[in-house]
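Sequences are here, hints too, so could you generate the full structure?
Number of protein chains: 2
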Amino acid sequence: MPPALLPDQDPRTPARIAASMHPVLGPDAVRAWFDEYARYSSATVTTTNLNRLEGWLIDPFTGDIRHRVGKFFTITGLAVDFPGGPVPRWQQPIIIQPEIGILGILVKEIDGVLHCLMQAKVEPGNPNGLQLSPTVQATRSNYTRVHGGKPVPYLEYFVDARQVIADVRQSEQGSWFLQKRNRNMIVEVDEDIEVLDGFRWMTLGDVHQLLAVDDVVNMDARTVLSCLPFAGVYDGDGRRESLVRSCSAGEGSLHSMGEVLSWITERRTRTEISTRTIPLAEVRGWYREPARIRHEDGLFFDVIGIGVTATGREVGNWMQPMLRPHGTGLVAFLVREIAGVLHVLVHARAEPGYVDVVELAPTVQCAPENYKHIPPPPYLDSVLAAGPDRTRFSAMLSEEGGRFYHARTSYRVVETDLDPLDEPPDFRWLTVHQLLDLLRHSHYVNVQARTMITCLHGMVAGLAGERTSR
Amino acid sequence: MPPALLPDQDPRTPARIAASMHPVLGPDAVRAWFDEYARYSSATVTTTNLNRLEGWLIDPFTGDIRHRVGKFFTITGLAVDFPGGPVPRWQQPIIIQPEIGILGILVKEIDGVLHCLMQAKVEPGNPNGLQLSPTVQATRSNYTRVHGGKPVPYLEYFVDARQVIADVRQSEQGSWFLQKRNRNMIVEVDEDIEVLDGFRWMTLGDVHQLLAVDDVVNMDARTVLSCLPFAGVYDGDGRRESLVRSCSAGEGSLHSMGEVLSWITERRTRTEISTRTIPLAEVRGWYREPARIRHEDGLFFDVIGIGVTATGREVGNWMQPMLRPHGTGLVAFLVREIAGVLHVLVHARAEPGYVDVVELAPTVQCAPENYKHIPPPPYLDSVLAAGPDRTRFSAMLSEEGGRFYHARTSYRVVETDLDPLDEPPDFRWLTVHQLLDLLRHSHYVNVQARTMITCLHGMVAGLAGERTSR
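Chains as they are written, first to last, in numbering that gives the first Met the number 0: chain A, 0 to 469; chain B, 0 to 469.
Because the hints were derived from the structure by calculation, they are not lab data.
Treat the hints loosely; a few may be bogus.
One copy or two, either will do: identical chains are not told apart, so a pair holds if it fits within one copy or between any two.
[Said to hold, decoys possible] With a cut-off of at most 20 angstroms between alpha-carbon atoms, the simulated SDA-like pairs for lysine to any residue come out as follows:
{"no.": "1", "residue 1": "Lys70", "residue 2": "Thr270"}
{"no.": "2", "residue 1": "Lys371", "residue 2": "Asp34"}
{"no.": "3", "residue 1": "Lys70", "residue 2": "Phe81"}
{"no.": "4", "residue 1": "Lys371", "residue 2": "Gln91"}
{"no.": "5", "residue 1": "Lys107", "residue 2": "Val23"}
{"no.": "6", "residue 1": "Lys371", "residue 2": "Arg293"}
{"no.": "7", "residue 1": "Lys70", "residue 2": "Thr268"}
{"no.": "8", "residue 1": "Lys70", "residue 2": "Ala31"}
{"no.": "9", "residue 1": "Lys149", "residue 2": "Ala3"}
{"no.": "10", "residue 1": "Lys371", "residue 2": "Glu295"}
{"no.": "11", "residue 1": "Lys70", "residue 2": "Ser273"}
{"no.": "12", "residue 1": "Lys70", "residue 2": "Ile272"}
{"no.": "13", "residue 1": "Lys107", "residue 2": "Pro387"}
{"no.": "14", "residue 1": "Lys70", "residue 2": "Thr274"}
{"no.": "15", "residue 1": "Lys70", "residue 2": "Asp80"}
{"no.": "16", "residue 1": "Lys107", "residue 2": "Glu258"}
Here it is, written out as structure tokens:
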């Protein structure tokens, strides 16, 4: 007998996501859990001379910083040609990490409601110790146990996944990583699972509510949750808010999907950006001191070395290089209603580390301090000038604490009255459901925009610190 | 007043495509047009010593063959590591052509029916002179006029396209090109257009009917037409054939799209293939003779030089290197009904030239003559053993005649009774509408599978030499 055919998506998924968007624990309970667990899990981090990172080598010929068994990652140099870009040519240090890791959240129905197995996890770059993390954050080195540490708990559910809700490789910071991608997975299990120390079941609503609290939900959790297929989840709930309509696949949009795809094709064809790796020792405009590699004007980031003494992790002591950005990042979507549907102003942004030329980024994505010598990016003024009445979301969130030291970004959703018909060539007004369509595939939505998608989802459910509800 | 919102796709598109699938001219009229035009447009091709290609240099240090002003393309060497692949390690010559060209078909409603502006075009590698080609085949060198030839006619309609029906960059042969991509475009115009010598308006049906004739519809026309959004075109015509249902987005499939995307993610994560360019002079196992670069066992292909004297093209005389494959290629989809819907057995295939590890390929894609020393690929036996009663489509078609010399491939659609539940890890049964969904994006469907999609579309309309109509 031939097998039965399946529809494109499990028809129960939207209702199950909607039902999980109610917070059960509340932020105070999570805070208490963090405080309790922090007594068992902590990390002491000290900065260290780059020449004395145990386990790491500075290549005598190239100056590249690499792990002694060739795993984890390497810091090398990159030469970038970007004719027509705001800076047409530059060189910089960059992280090469070619292996594809897994960022995975395990979900399970408990009392009929989907719960996520979240982890309270310390990363050495976190400014505040513990953050709320996915079930699994595993580099390939982690799960092949190159470092000889403990096995990564729950990894087996992702390596041999059966009930997959989301599974897509997504890029990370293209200014700091060369062609880095992680596999973002949401996997459901039916069987009972032992909850280890430092893990806790919570609803999607619990996680989303914590997005409004500074530095709690980590970058990996935010990017995995952006891949949740939530378009249409709120279609039937009777609300007609423009943000709800923006998440509904049945609503129209300023541009058809064909137009959006053609625009991306055009930007990727027209943008000429080329890169080549060069020895780290030869990167122009950067200087090596014992404690760091720094830009001649003190801009962008330093490469530093750290030593970590941790409890509650795979291994207890290690040293590693990290990137320490200068200044606080600013990431913002300008949003406006168009014919009753909320649209976000998306930027087709080239970064040297992207696999495919440009990805869709928030309207503004920068560290304002870096614009001492060059004109500020478009729309930065609009974001900085917006008062609280126009700011629908604002939180300070951390970037990945395993590679970046105290990298904090102010994420904002800001209302605007900009004319929707006045789009620069590299900007387009898109709906949230269009971004969700693109998020099923690699190479389209960058990591900063994915954080913003997760925040917008929290705002749909009335969580995530939405300030106004017009 | 805010602008109106658009649906995802122009709702008139399916009906307009269906109406254009009726042939108007018929093959004889096209043949007569070709015969007539061949008197004005021809190419005399002679093979030439590789050291004496005017306009081309052999780099004295690397042996790479490149154009003297650094445009068009370069032939260099590639070292491939593919642990777990059928051959775990090899070196080969490969074409590098980083610029993204345009392959475009202009369409226009004439007497209420969409017509395509097709071109009778000679390419030096064509085994038979003229072939039916898109309106425009332009490398960036072409349209920036590096070669100082005539302008490419109709190119302006694609560079500033307004009514875009399809626009996506797609890969080409990943065994012969390193990361080559062309922009496949279908653009509609309303205004009157002068029809130049060598061009002719014809319906989609006319083009599809010619697919069943050997070596007429060229590779570029086939790949552009595969990007036509024809899912759902035949939904309302009352037919219930399994192939028609396979093209209907509303029908189910053995795997949901989420499962298919997760499978592709898994194959791309698991497959370890790495490449690095090396000097052509250092490629192991290949020998340079005055007239060609050849493999030590006479397998795969030769690099040869040719001299061309052409009329009716951009320039009249030129020389260039080409790849001349050994033997005839074989490309086939095994197909079967599953619950009344035709499914095709797709292979997640790694080729060294792909940008993103694997793309979806036909069930079988090989040159059978190359398998003297290694086991034949899976399912080759099933395809070769199939008689005429199981062969629903068969035609000999040429690969791109601007880079490949007499590269001919037998394209087949073959019925099978294979158990649909018995899928090897790198094969999956997909419907045609699932492949069409993926064809909206880059990196998914390889050029051989795109030719097969166009043939399947012709078969839906009862064209393209369908042998049985069950």
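Going through the hints against the structure:
1. Lys70 - Thr270: Between copies only: 18 angstroms across, 33 angstroms inside.
2. Lys371 - Asp34: neither (41 angstroms within a copy, 67 angstroms between copies)
3. Lys70 - Phe81: between (30 angstroms within a copy, 19 angstroms between copies)
4. Lys371 - Gln91: Within one copy only: 18 angstroms inside, 49 angstroms across.
5. Lys107 - Val23: Close inside one copy (15 angstroms), not across copies (58 angstroms); limit 20 angstroms.
6. Lys371 - Arg293: Only inside one copy: Lys371 and Arg293 sit 17 angstroms apart there, 57 angstroms across copies, limit 20 angstroms.
7. Lys70 - Thr268: between (34 angstroms within a copy, 17 angstroms between copies)
8. Lys70 - Ala31: Neither: 37 angstroms inside a chain and 64 angstroms across chains, both beyond 20 angstroms.
9. Lys149 - Ala3: neither (42 angstroms within a copy, 57 angstroms between copies)
10. Lys371 - Glu295: within (13 angstroms within a copy, 59 angstroms between copies)
11. Lys70 - Ser273: between (26 angstroms within a copy, 16 angstroms between copies)
12. Lys70 - Ile272: Close across copies (17 angstroms), not inside one copy (28 angstroms); limit 20 angstroms.
13. Lys107 - Pro387: neither (38 angstroms within a copy, 52 angstroms between copies)
14. Lys70 - Thr274: between (23 angstroms within a copy, 18 angstroms between copies)
15. Lys70 - Asp80: between (29 angstroms within a copy, 18 angstroms between copies)
16. Lys107 - Glu258: Between copies only: 19 angstroms across, 38 angstroms inside.
Violated hints, in rising order: 2, 8, 9, 13; the structure is consistent with all others.
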